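Sequence lines, in order, name chains U and V.
Just so you know, we're using the numbering used here here: the first sequence kicks off at 763 and counts up by one.
Just so you know, we're using the numbering used here here: the second sequence kicks off at 135 and counts up by one.
Note that these hints are calculated values from the structure, not bench results.
Hints are supplied without guarantee of correctness; some may be wrong.
Unchecked claim - Dumping the calculated EDC-like pairs for lysine to aspartate or glutamate here, alpha-carbon to alpha-carbon at most 20 Å:
no.	chain 1	residue 1	chain 2	residue 2
1	U	K1001	V	D618
2	U	K942	U	D868
3	U	K1016	U	D903
4	U	K906	V	E393
Stated by the list, open to error - These stretches of chain U come out as covered by chain V in the derived footprint (C-beta under 8 Å, 3 or more residues):
no.	segment
5	781-789
6	811-822
7	836-846
8	850-863
9	870-882
10	992-1001
11	1013-1020
Stated by the list, open to error - Examples of chain U residues toward chain V, derived with CB under 7 Å:
no.	residue
12	I801
13	W806
14	T808
15	R832
16	W866
17	Q885
18	K906
19	I907
20	D909
21	I948
22	D949
23	V950
24	P957
25	I985
All of these numbers come straight from a predicted model, not from anything done at the bench.
For each residue, glycine too, the CB sits at the ideal point set by N, CA and C.
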Amino acid sequence: MVVVYALILVAVGTVAFHIFSPWWSTEIASNWGYIDTTIDITFWVTGVVFIAVMLFMAYCVWRYRYKAGRRAAYEPENTKMELWLTGLTTVGVIVMLTPGLFVWNDFVTVPEGAAEFEVMGQQWQWSYRFPGKDGVLGTTDVRKISDENPFGLNPDDPNGKDDVLVEGDELHLPLDQPVKVLLRSIDVLHDFYVPEFRAKMDLVPGQVTYFWFTPIRTGTFDILCFELCGVGHHTMRGKVVIEEESAYKAWLEKQPTFAKSMAKAGTGGGDGLKLVSSGGEAVTAGGESAR
Amino acid sequence: MAYVAPGETSLVPPAEVAEVDLYHAKSWITKYVFSQDAKVIAIQYAFTAIAIGLVALVLSWLMRLQLGFPDTFSIIEPSQYYQFITMHGMIMVIYLLTALFLGGFGNYLIPLMVGARDMVFPFVNMVSYWVYLLAVLVLIASFFVPGGPTGAGWTLYPPQSITAGTPGSEGGIVLMLVSLALFIVGFTMGGLNYVVTVLQARTRGMSLMRMPLTVWGIFIATILALLAFPALFVGAVMMTLDKLLGTSFFMPAMISLGEQLEYDGGNPLLFQHLFWFFGHPEVYIVALPAFGIVSDLISVHARRNIFGYRMMVWALVAIGALSFIVWAHHMYVSGMNPWFGFFFATTTLIIAIPTALKVYNWTLTLWKGNIQLTVPMLFAIGFIVTFLNGGITGLFLGNVVVDVPLSDTMFVVAHFHMVMGVAPLMVIFGAIYHWYPLITGRMYDEALGQIHFWVTFVGAYTIFLPIHYLGFLGVPRRYFEMGDTSFIPESAATLNAFVTVVALIVGFAQLVFFYNMARSYTKGKIAGRNPWKANSLEWQTEEFPPGHGNFGATLPLVYRWPYSYGVPGVAEDYLPQNVPPDEVVTDEGPGASGA
Ligand code: HEM
Ligand SMILES: [Cu+2]
Ligand SMILES: [Cu+2]
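Next up, chain V with everything else stripped away, as it sits in the complex:
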């Protein structure tokens, strides 16, 4: 044998069941609108998510204008500011990132990467998208009801979220809760699909330990989401009942702006536990697909096997499991029994260990590689930097006493923007550039891609690094304006103005990205098949870009893992998963390796 790849076989098990007939669309409408093809659904998810994400981006500019120039923009009222914060946060986390990673990348990549023709339940998959769209529309509608959208913060903590004194506590909050419930229903349909497809529809030879890490990341994230979203769903239903029917799940006896309310006996902390039992795993629902995708980007563009594949898989599983027992690190100063702090600080710092290992393994994949600084690779490096930075500040907030002064300050804002805002966005951009030729058959413009990367990466780091230090100073988050204080120096205002200017520049630089995507769609260089010389199955389809049914007459058979880059003895520096061992071209010539 001239080469070794882990778990390489010449024998692929025989098929146990026959292939099922694929649904074929008959009209334009069923092909492109009410489509059951996962690839079309993926594009629908992606476009919707990005569109609503742009709304959140514009909201962030308005907030930044207020923070940077508090006296200039008197058009923004406090109530609007709190509404912007809330909608910005909720849209970014749920309607953009969750939907794009799972609905967008999950739908596109899972079937292609595991060697399936489509998701196992195509009809349910289609419904999943339409329910998601409905959730987005309800969310948008909340901007137009009397009182406007809710301004309770994306955490929606009661009693405040449903009592007078908070903007949108009449109609806005109800629509928010309805929209969330719809989102969860839609997601569950899609999520079951992703999980069952991974478990049941892998092609022959594609053992679990031969799946690309992208699929692993999305798979584990989907399981987390299926287990975590119900907690939010229940919380949303209970809060709706409190609001509309006057039940008191979360509502103690209280006054509201001078009036006794009739609520009695409920507990606001119960909602916080439900919210964060969902909310912490949610961070990983966004992070794990990013982890998976970035592993593949790094491996392909560094022309080197991913370092420590098994460790990477087990780290994903461990992080996923642990993420369910750390939720109360968001509640150290919430008034829950303070003794819980010992437990949750310990579990939180333990989760840092598998996370750190992943960072090491990404950098060790670069080590001894043959690194091509393509646009996807640049974004992958940008991800490592921002994730490293954001992960480190997580250790501050996780270590209970350190969180006491920092919680609810700008430090928290900077932390989560680095770790779950900027870092996943880096991966999303990298992934879009990486798979752009697969989806469109054309290459993007390299120069524009590079400009986009540098402005976005340098800009985002410049925005969020200094904000941590405002947090140390004691600047609170969710403050319409600081007003007069004895502890905030003048220079902080200058810093805020500077950050706002950079944020606007970074925001507008995204136009370069959209221009590049739109223009290259018709004008880009035609991409040859498998332009990155990648090993995973999505690049090995007969038709390129892959058509309906993904693969040709027969499904591909898988003989090895997807990371055979630079295998000694093999003529090329890559070796796709589906090349049979006796057809491998080795240094001695075709098929000489035997098997």
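Only chain U is shown next, with the shape it has when bound in the complex:
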């Protein structure tokens, strides 16, 4: 009997927890509401199956509990029932998969007119780069990275001269403007994720990955690294500010371009390559020497 109650309790309790628990997705701030819809569909389909199987089991354990002298029904196979169950399960799978694949098609198809910008990851901080007036990002090369040129921009590439570099600051993006996020890492794997945007992608050294989204709500949101990247992984945070076009423009104006920052560095003069930045702190915090 206890088992019967326990099974019913697990079924009902799980649903109750789902409905009443205070922990649920954050309010969405991007165009990916369809992802939430697909989650809801999946919950409905699987929820029905979960309840049905649990209650059926509870029924069986109660109805067919052991009685001395009782015999189980001897019924090795029931092809018809198995075919029905296969069919119904297949329908359930199609109901979940079809919308999923349509939304994925949206996800991988970047709309025309999406503005591009770059997110650069390194242990354990985020930097950003916007194409300047020419609208084109300059080429980069890890080997060109130095104190004066932390982004590794190609000094000979004219497209890069006016690139706007944002280091150690918040990221700002304009409201309602579709953006294609180009992702680049100069050391290990990272992952750029803002829970309110619902979309994430890994940064892979040696290649440029991407995803796109449209911010639909103003505000300041947390950026977290979502791919284990060493002892400082949990400290690799940032903030993104979604604001009206005009405010965004004003912010962008204030950021240095590549040409400007090179000119400044030229006067200061750096010696070779020494990049330990906020990351250095995290390393010691981790009780692990950098090398």
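Position chain V with the ligands relative to chain U; hints supplied.
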């Protein structure tokens, strides 16, 4: 004919080859230490796996303490936390579950259940265990090298796993890779044994379609492992070369903490493909033996034939085959070509169909049964619940767009703990209780077994159910501490503390299990032969518990499948596989059924 059992015969084919002489141990050492008897090897595997599993359990407490009370336990450093996660995950998946299911249950049950005297290559079988032990020792050694064990996560993704900035990137990672390679070598020796024994050493009359599902599950899982482990082996060798010789298989040109490294041109995604080509089948290497064993537990203790035996076998085969074309569902947001998502989401959701059928068939075996709520049956029911729950969340993660927000969150942690942590453990406990009388000749203590079940089942469900919801919230996995965020409410910290307390209780409740096992070994009630009235051959041996060589002077002959429970017309509610048709006691009396 008074009764029907599928494929029942009175004729068993004549022997084609004579029996081979069995190796007989001459000294205590060759009998109990360097033993070639599969049953002894099984026990060695099981004890070693459980011992190292306890290390992983203790590590999980330390991690839970950090997550539940981040400000109280300042003794745990971030680097240690990442090392604990890594070692906990790797030990649980490989050194505990894989070794216990295949090396432990496989060795014990395959020969007995198919009617063989031992594995076909007993010497290789023995070496398999010792290489496994060596792998475990190397793994333990990595805790003691400078820098400690690797903290790269159990997935060991490069470049991070071998560059500064990750704990254990000097010695720890190398020992990890060496240990894995050793494990694979040891496993391959054992695995070939299991496969060849199933294919070649079945007793007469034991056709493939009369094998217990336990054997089917272990058999298919072993084939998967033999095909999947080489991918990991290759990955481990290549990464070792990258680390020690400076090759660049997985390493692009990169910076490491302010220094240019000399690597150039390698691709980190290549490792991920190799890892998951192994890693996904690995999930089924753990799951399929559990599927098989739980089918037998349910059938025996519900006193009813397994529902849809042929469907169950074909589902195992289908799941095994499909499990090789779904691996990249672990890589939807890895930066691989996003168009692969369509293919892998589709194959992943297709694999859900045979899996769901198995769940239905387990519950349909309970239906119209005569269910005895013994401890093994309780654990079997616990398995169905947790596997159902974990399988369902797999549908979320498999459906590519749904995975985008959920990947690398606590939702994933909750999912795989339900489906490949708790569910297989339920089966392992159920199986140990079920076969305890066979192994020791004594019964365990029923009351303690019940307590163990309720605390473990209710506790584990309580731990992992709410963690899914932290994932929806956006709490990442592998985070030493959350720090300040704008989206995580205070209440999440309370939840984390609660989960930690439950995890500690569940952990300590395992002492009840160990006490029960140890005490019953000498004090338990003597079990009569075949205490569960089961049909499969391991319970029909002449000597009980079975001795060296398993069976008496002659091997048993098999006349029917192992699921003849409650066959109409037969006097008892069970009918062992080896009872000749003319000796079956029917309602009309002995041997009246004719044949
Ligand atoms: C009551 C028992 C257990 C508890 C309390 C527990 C707890 C945990 C915790 C807290 C983590 C770290 C989550 C994170 O922040 O990323 C973790 C990771 C993990 N656990 Fe467990 N665990 C248990 C049993 C198991 C079992 C039986 C398995 C076998 C499949 C397992 C496999 C893993 C794996 C593969 C990881 C991931 C490691 C990684 O991220 O690299 N755990 N566990
Ligand atoms: Cu990172
Ligand atoms: Cu998988």
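How the hints compare with the structure:
no.	hint	verdict
1	U/K1001 / V/D618	holds (12 Å)
2	U/K942 / U/D868	holds (13 Å)
3	U/K1016 / U/D903	violated (26 Å)
4	U/K906 / V/E393	holds (12 Å)
5	781-789	holds (count 6)
6	811-822	holds (count 7)
7	836-846	holds (count 7)
8	850-863	holds (count 7)
9	870-882	violated (count 1)
10	992-1001	holds (count 7)
11	1013-1020	violated (count 0)
12	I801	holds (5 Å)
13	W806	violated (12 Å)
14	T808	holds (4 Å)
15	R832	holds (5 Å)
16	W866	holds (5 Å)
17	Q885	holds (5 Å)
18	K906	violated (10 Å)
19	I907	holds (6 Å)
20	D909	violated (9 Å)
21	I948	holds (5 Å)
22	D949	holds (5 Å)
23	V950	holds (4 Å)
24	P957	holds (3 Å)
25	I985	violated (10 Å)
Checked against the numbered hints listed earlier, the structure breaks hints 3, 9, 11, 13, 18, 20, 25; every other hint is satisfied.
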